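As given, the protein sequences belong to chains A and B, one line each in that order.
63 is the number of the first residue of the first sequence in this note's numbering; add one for each residue after it.
3 is the number of the first residue of the second sequence in this note's numbering; add one for each residue after it.
Hints in this document: simulated from the structure, not taken from any laboratory.
No experiment lies behind these values; they were computed from the predicted model shown.
Cβ coordinates follow ideal geometry from the N, Cα and C atoms, glycine included.
Honestly, I wouldn't trust all of these hints.
To be verified - Quick partial rundown of chain A residues pointing at chain B, CB under 8 Å, derived from the structure:
{"no.": "1", "residue": "Gln-426"}
{"no.": "2", "residue": "Leu-429"}
{"no.": "3", "residue": "Pro-431"}
{"no.": "4", "residue": "Gln-436"}
{"no.": "5", "residue": "Glu-481"}
{"no.": "6", "residue": "Leu-502"}
{"no.": "7", "residue": "Tyr-544"}
{"no.": "8", "residue": "Gly-547"}
{"no.": "9", "residue": "Phe-549"}
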Amino acid sequence: MLWLCIRLPQLPLAALPPSPPGTPVAVIEQNLVILANAEAAHYGVSPGQSFQTAQGLCALLECRPRQIALEQQMLHNIALWAYRFSGHVSLSSNQAIVLELSRSLRLFRDLNRLYRRFIRAFRQRQLQVWAALADTPLAAELLSYQNPPLKTLVNAQGELNEAALKAALAHLPVRYLPLPEEDKERLEEMGLHTLGKVLALPRTALETRFGKALEELLAKALGEAPDPRAHFRPAEHFSSRRYFDSGLNNHRQLRFPIAALLGELQAYLRLRQRVNRDLDWQLDYLDGSREQWRQHLSHSHFDKQAVMALVMLDLERRQLSGPVCGISLHSRHFVSPPTAPSTLFSKLQHDRDAALPQLLDKLQLRLEPGQCVQYLPTDTYLPEQFRHDHLPDRLLSNLQSSPAATPTGKLLRPNWLLEPAVPLYEREGELFWRGTVHLLQGPERIDSQWWQQRQVRDYYIALHEDGRLCWLYRDCLQPAWYLHGFFG
Amino acid sequence: MSNHALNTLLDKRHLWRGRHVLPPSTEGVSTGFSELDTHLHLGGWPVVGSTEILSQQLGIGELWLLLPALAQRSQEGAVVWVNPPCLPSPQALAQQGLAAHRQLLIRPSQLSEQLWAAEECLRSGACSAVLSWFTTQSLPDKQLRRLHLAAQEGRSWHLHFRPEQIAQQVSPAPLRLQLRPAPQALDIEILKQRGGPAGQRLTLRRHAELYYQQRPPAQWPTAHHRAKTTRDTRRLPLLAPLPSYPVTITPSSKSQTGAS
């Protein structure tokens with residue numbers, strides 16, 4: 063087994079929304095400074111000082127309360143990201159994650175390459191990170207406090223160097239051990255400043271003085287006792303956020319953070335093997351106001367490029383009401399992606415069906431509601447009541463491949479319907495509508511809706527003088543003639 | 003020097019040499035009318051790209067001509083109707099084999115939106131056929147070309163319905179047909195087809211059932227009428243044997259009273 067521990071010593075600071083550059087910032091918990099940034103440290107502010115002392119040292123100090131929830135969120139996101147390197151990721155204490163790497167080594171060829179990729183990713187995000195490799199998770203956790211350089215633990219072939227690891231552990235100060243404070247003080251009073259000195263003592267003697275806890279700890283660190291770690295599970299909902307120091311003013315500037323958020327979502331979806339139904343966006347403006355909107359997706363698979371185009375299309379229609387200082391993306395509803403077709407022959411069909419949801423999303427976004435409709439076949443007697451409807455999500459499956467329709471019935475029905483029917487003029491025994499109309503055949507009686515407003519109509523096929531075949535009816539209840547369609 | 007102008011036109015693809023006739027191919031999809039298939043160079047409708055249908059008005063049989071092919075294509079993907087002048091009747095389409103629920107009807111109000119929607123549908127690859135009408139008489143050549151290219155990219159058949167007046171204008175559509183009504187038939191003239199000869203005219207007979215003619219309404223076998231001449235009505239067939247050119251029938255409200 064090979065374990066990598068990633069520790070984020072600056073997490074309480076990094077998780078907070080950023081301050082303008084150059085500001086001295088301290089994170090305060092229970093009236094004590096727990097972390098100060100470089101600018102604050104310059105004035106002498108350091109962890110452990112009281113809030114008043116820190117304020118005395120630096121009048122401009124920005125004191126911000128610690129936000130555990132944001133830290134957890136950030137750690138989760140990092141664990142999610144780390145999932146692509148290893149199937150076994152676990153959250154260790156509040157500021158670290160531990161990964162099991164032995165199975166991923168073949169993919170990355172050797173440890174050096176893998177390690178470099180890790181560190182580079184954190185450097186790009188400007189996050190300070192400490193890391194250590196060991197053959198047990200506890201040893202990796204303990205060593206990560208010292209952030210040893212990679213070359214002290216790994217040999218030139220990219221393999222873990224057992225001897226170096228032992229030496230590094232032996233030099234580890236006992237104050238990093240997860241023990242009660244009084245135990246650590248007693249160890250130091252006895253002159254046992256490093257782990258090596260503790261390990262040199264007989265275990266039974268240690269047990270009589272310090273109890274079982276220390277003994278178990280040492281066994282776990284050395285790999286003599288099992289140390290099972292709970293697997294990290296991705297959250298049920300996706301939620302991520304980006305902050306900007308000095309506000310973004312136009313859509314083009316938002317493009318980059320949106321792409322990054324969608325990239326995160328894509329990784330999350332791949333991990334959970336799900337597709338999502340909607341994106342909940344929120345813009346935080348500098349003046350404190352917010353704007354939220356939901357974007358509906360009907361994709362059968364998540365394609366970042368296509369979703370990006372949709373989001374930008376949607377965003378273009380929105381007016382930014384001021385400089386934007388943050389954007390967040392949430393997604394709550396997920397469904398399993400449909401399975402690919404089992405036969406090769408239906409590939410064209412499958413491609414068309416896969417492209418359809420994207421097309422519908424685009425059309426619905428740009429067109430007014432009601433300008434894009436799908437016919438709903440209904441059982442009805444009056445021709446105009448074959449209603450059409452807007453395109454809700456549930457109809458989508460309908461529009462996709464379904465058993466082919468078979469020609470039914472022998473009723474003579476026109477391909478074009480006029481809505482509403484146009485009144486015809488009757489003059490000297492002839493019917494007129496932009497010219498004379500001659501009846502050819504009929505009538506076909508449609509008597510319907512006696513339960514509401516009864517409709518009795520006699521339908522005729524007629525020939526217009528310009529050669530068109532028309533469909534006319536005579537309303538039998540209120541005698542009048544109407545043109546209702548064309549045999550196009 | 004005169005050749006120079008000609009060559010410019012040829013280079014710009016505004017002219018097409020009639021003698022460059024390619025051997026007939028069979029890439030097309032059968033129209034469902036064997037007579038038309040033989041005249042079309044591809045042996046049927048093209049699979050992708052623009053096809054222009056020119057006619058003076060709607061309702062002369064243009065859908066009847068296209069429906070056999072559309073019914074076949076609707077099994078491959080959605081059929082989109084962009085801005086049709088009337089509502090396509092789902093009942094009639096279903097009767098002729100077009101799955102009613104796979105029809106998508108788009109009616110944007112502005113021309114720019116219509117063009118956008120048509121192009122998106124064609125390019126998406128989701129639609130097997132797109133039928134489009136535009137609210138303007140003639141579109142710029144550039145727009146027509148864009149639509150044609152979008153159709154090729156999305157492997158979609160673009161049916162563009164246009165008024166008769168623009169028959170003399172150039173168009174990038176590889177196939178252009180002009181439709182005119184004829185007595186109980188539809189006249190088709192092939193204005194242009196890529197790689198094949200143009201100018202053929204043919205007449206397709208429409209369904210005879212539509213033209214069945216019957217006696218004047220005064221003699222219609224209504225209840226009122228039947229009461230008077232019971233014996234005669236049995237002998238008289240409701241539908242005349244067929245087809246003679248329409249006789250003017252006078253609808254009179256008097257004879258109708260018996261029917262209601």
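Taking the hints in turn, this is what the structure says about them:
no.	hint	result
1	Gln-426	violated, 11 Å
2	Leu-429	holds, 6 Å
3	Pro-431	violated, 12 Å
4	Gln-436	holds, 6 Å
5	Glu-481	holds, 5 Å
6	Leu-502	holds, 6 Å
7	Tyr-544	violated, 13 Å
8	Gly-547	holds, 7 Å
9	Phe-549	holds, 6 Å
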